[in-house]
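Visitor: Sequence:
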Amino acid sequence: MKTSTTLSLLDPALLRPAIAASFTKLSPRVQWRNPVMFVVYLGSIATTLLGLQAQADAGFIFAISAWLWFTVLFANFAEALAEGRSKAQAASLRGLKKSTWAKKLTEPTHGSPFLPEQADNLRKGDVVLVEAGDMIPVDGEVIQGVATVDESAITGESAPVVRESGGDFSSVTGGTRVLSDWLVVRINVNPGESFLDRMISMVEGAKRQRTPNEIALTILLVALTIVFLVVTVTLLPFSIFSVAAAKSGNVVGMTALIALLVCLIPTTIGGLLSAVGVAGMSRMMQANVIATSGRAVEAAGDVDVLLLDKTGTITHGNRQASRFLPAPGVTEAQLAACAVQASMTDETPEGRSIVSLAQRLGAAQPLTGTLLDIPFTAQTRMSGVDVTLADGTARPLRKGAVDAVRKYIDALGGTVPAAVTQASDDVSRRGSTPLAVADGNRVLGIVELKDIVKPGIKERFGELRRMGIKTVMITGDNRLTAAAIAAEAGVDDFLAEATPEDKLKLIRQYQAEGRLVAMTGDGTNDAPALAQADVAVAMNSGTQAAKEAGNMVDLDSNPTKLLEIVETGKALLMTRGSLTTFSIANDVAKYFAIIPAIFVSTYPQLAALNVMQLGSPNSAILSAVIFNALIIMFLIPLALKGVKYRPVGAAALLRRNLAIYGLGGLIVPFIGIKVIDLLLVALHLV
Numbered sequence: 138m139k140t141s142t143t144l145s146l147l148d149p150a151l152l153r154p155a156i157a158a159s160f161t162k163l164s165p166r167v168q169w170r171n172p173v174m175f176v177v178y179l180g181s182i183a184t185t186l187l188g189l190q191a192q193a194d195a196g197f198i199f200a201i202s203a204w205l206w207f208t209v210l211f212a213n214f215a216e217a218l219a220e221g222r223s224k225a226q227a228a229s230l231r232g233l234k235k236s237t238w239a240k241k242l243t244e245p246t247h248g249s250p251f252l253p254e255q256a257d258n259l260r261k262g263d264v265v266l267v268e269a270g271d272m273i274p275v276d277g278e279v280i281q282g283v284a285t286v287d288e289s290a291i292t293g294e295s296a297p298v299v300r301e302s303g304g305d306f307s308s309v310t311g312g313t314r315v316l317s318d319w320l321v322v323r324i325n326v327n328p329g330e331s332f333l334d335r336m337i338s339m340v341e342g343a344k345r346q347r348t349p350n351e352i353a354l355t356i357l358l359v360a361l362t363i364v365f366l367v368v369t370v371t372l373l374p375f376s377i378f379s380v381a382a383a384k385s386g387n388v389v390g391m392t393a394l395i396a397l398l399v400c401l402i403p404t405t406i407g408g409l410l411s412a413v414g415v416a417g418m419s420r421m422m423q424a425n426v427i428a429t430s431g432r433a434v435e436a437a438g439d440v441d442v443l444l445l446d447k448t449g450t451i452t453h454g455n456r457q458a459s460r461f462l463p464a465p466g467v468t469e470a471q472l473a474a475c476a477v478q479a480s481m482t483d484e485t486p487e488g489r490s491i492v493s494l495a496q497r498l499g500a501a502q503p504l505t506g507t508l509l510d511i512p513f514t515a516q517t518r519m520s521g522v523d524v525t526l527a528d529g530t531a532r533p534l535r536k537g538a539v540d541a542v543r544k545y546i547d548a549l550g551g552t553v554p555a556a557v558t559q560a561s562d563d564v565s566r567r568g569s570t571p572l573a574v575a576d577g578n579r580v581l582g583i584v585e586l587k588d589i590v591k592p593g594i595k596e597r598f599g600e601l602r603r604m605g606i607k608t609v610m611i612t613g614d615n616r617l618t619a620a621a622i623a624a625e626a627g628v629d630d631f632l633a634e635a636t637p638e639d640k641l642k643l644i645r646q647y648q649a650e651g652r653l654v655a656m657t658g659d660g661t662n663d664a665p666a667l668a669q670a671d672v673a674v675a676m677n678s679g680t681q682a683a684k685e686a687g688n689m690v691d692l693d694s695n696p697t698k699l700l701e702i703v704e705t706g707k708a709l710l711m712t713r714g715s716l717t718t719f720s721i722a723n724d725v726a727k728y729f730a731i732i733p734a735i736f737v738s739t740y741p742q743l744a745a746l747n748v749m750q751l752g753s754p755n756s757a758i759l760s761a762v763i764f765n766a767l768i769i770m771f772l773i774p775l776a777l778k779g780v781k782y783r784p785v786g787a788a789a790l791l792r793r794n795l796a797i798y799g800l801g802g803l804i805v806p807f808i809g810i811k812v813i814d815l816l817l818v819a820l821h822l823v
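For the sequence shown, this note's numbering gives the first residue as 138, with consecutive numbering after it.
It is worth saying that the hints were derived from the structure and are not from the lab. Here a beta-carbon is modelled for each residue, glycine too, at the ideal position from N, C-alpha and C. Check the hints yourself; a few may be wrong.
[Said to hold, decoys possible] Here are the computed distance ranges between Cβ atoms for each label pair: (1) 257 x 468: 58 to 66 Å; (2) 552 x 648: 38 to 46 Å; (3) 558 x 605: 34 to 42 Å.
[As the list claims (entries may be wrong)] Straight-line Cα separation of at most 27 Å, DSS-like style, residue types lysine-lysine; simulated pairs: (4) 642 x 544; (5) 781 x 607; (6) 544 x 587.
Make the full structure from the sequences, and use the hints.
Guide: Next comes the structure, spelled out in structure tokens:
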């Protein structure tokens with residue numbers, strides 16, 4: 138079951154609960170949380186009471202009251218519809234949680250005895266065996282084995298993925314199924330803390346705390362409401378004085394004043410504001426991204442610097458050994474044999490490709506003896522083995538980044554031949570990655586690793602540049618390779634030979650300049666930078682440390698998803714801004730509808746302001762109130778789906794927003810109110 142599957146707006150499974158929730162949300166404890174709509178709520182109650190007491194015009198007062206209640210109900214419906222989508226997503230996630238039995242190992246090694254144990258009883262640190270056909274009981278890290286895993290229940294992708302011990306693809310998620318071979322998994326969460334549990338709580342948390350921008354906008358709306366409230370309150374004594382002075386006309390009624398107040402305050406955005414925020418998180422979920430908070434989604438829209446890993450994001454990421462380039466005095470067979478020996482315990486695709494290339498060349502003759510594995514670290518940027526031969530001779534074999542191997546050789550008193558440096562530079566200029574191989578303090582040569590820039594990525598970066606977003610490529614490659622790939626991909630800048638400390642320093646540098654930074658990561662060494670970034674997208678296939686450090690998790694484990702996340706965040710901000718612009722602009726038409734209607738009996742000259750030629754004062758007021766309610770209903774699809782983002786600059790976006798929603802907000806109400814007035818008059822309803 139794909140988590141991003143969503144129901145259409147007209148699906149009965151959403152509509153029926155949303156309609157019911159529209160009425161349950163009429164509780165004062167719910168309504169007062171939205172100050173703008175709370176004013177409408179109080180106005181609805183007041184007009185209802187006025188209608189019950191009215192001796193004349195009771196029908197008109199009840200009509201106004203009914204449409205004010207509809208205004209509140211439509212706002213409740215919009216919020217309930219957005220929340221209903223989130224609840225449906227949470228329900229689908231709950232369906233993935235299944236109570237299953239696990240094979241709990243007595244020793245953390247394959248082949249040791251196991252005892253059956255219910256998944257709910259497993260604790261952090263327990264070790265389980267998962268074989269072909271078994272369900273992975275709880276989230277964990279693979280400590281032994283390689284297997285294909287069906288993660289379609291989480292990601293919706295039918296293609297199985299490989300999970301293996303070591304590296305950045307060792308994380309497994311409870312609820313997924315092993316298709317082949319076996320895995321020994323160390324559980325890394327306690328009950329209630331699994332990834333599915335966190336996903337459910339995140340999705341259900343769509344009611345969420347308000348984001349800073351949303352709070353700021355709410356304060357603005359409250360301020361406007363207070364201003365219009367003060368203005369409306371002063372109209373009653375003004376009307377009493379005017380009628381007394383002119384000795385003609387009628388004092389404006391309370392119903393008309395309440396209608397005027399409701400039409401002038403920003404009810405459109407007030408009624409849709411909460412729905413826009415909830416829908417933003419829901420749209421992230423549709424993209425198969427779990428956001429821990431609305432703040433993260435909103436921050437994605439404000440991002441102006443993207444840090445992107447080269448491997449897997451800009452390039453395909455499946456670097457393969459293509460050539461052995463031996464140093465002077467070293468044969469290709471000798472270089473290949475040493476490279477294979479240094480890669481015997483390397484389970485990365487690059488390490489396996491070195492072994493595979495050597496086997497194809499028939500040059501793989503590994504040494505025999507006692508082996509001590511030297512794993513790769515982000516600090517040393519090397520890996521290999523220490524081989525102790527039968528005669529007791531120790532031979533440290535290493536492979537890694539050329540500059541890292543050079544430092545290693547220098548420390549041992551050796552030197553790197555000029556021919557090897559030249560070969561490394563040539564490989565880098567081709568956009569490939571050079572990997573140096575050393576035997577003790579002697580460099581044996583270079584292994585060339587080829588990678589390919591993804592098609593279309595340069596155009597995507599061009600779009601980001603037009604959006605005012607700077608792209609920075611992060612890579613462990615040397616500067617020549619990084620420069621070649623950066624030029625081909627079209628990024629704005631790059632950071633070569635990057636260590637975790639370098640990434641963290643770069644993020645802090647941009648943030649000190651007042652910029653918002655987004656990045657992706659999947660490894661434990663990415664965790665510090667992810668924790669520092671404003672928008673941190675962790676890969677679902679990555680380590681637990683990375684997922685805990687990020688404020689978003691990409692279920693598809695697609696590093697390029699960061700581009701889509703930024704666009705979704707910007708669409709959220711644009712939707713909120715567009716609806717706010719429209720809401721404020723459409724008040725103008727209501728001035729021309731209601732102000733002449735309530736004062737024309739005292740000041741006949743105000744009839745000149747009746748530019749819409751509305752039928753009567755009562756039809757003018759009722760038409761404005763009906764339009765005010767219906768526009769919320771018509772804008773619900775826009776609030777939930779969002780304004781489509783286009784990759785253009787901020788100034789162009791502002792002009793477009795003002796032209797469509799500003800000018801549209803001025804024109805549409807004149808047409809809408811006039812059409813409603815014609816219908817009311819034609820049907821003799823006023």
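Visitor: Against each hint, give a clear statement of whether it holds in the structure.
Guide: Hint check results:
1. 257 x 468: 58 to 66 Å: holds, 59 Å
2. 552 x 648: 38 to 46 Å: holds, 41 Å
3. 558 x 605: 34 to 42 Å: holds, 40 Å
4. 642 x 544: holds, 23 Å
5. 781 x 607: holds, 22 Å
6. 544 x 587: holds, 24 Å
Of the numbered hints given earlier, the model fails none.
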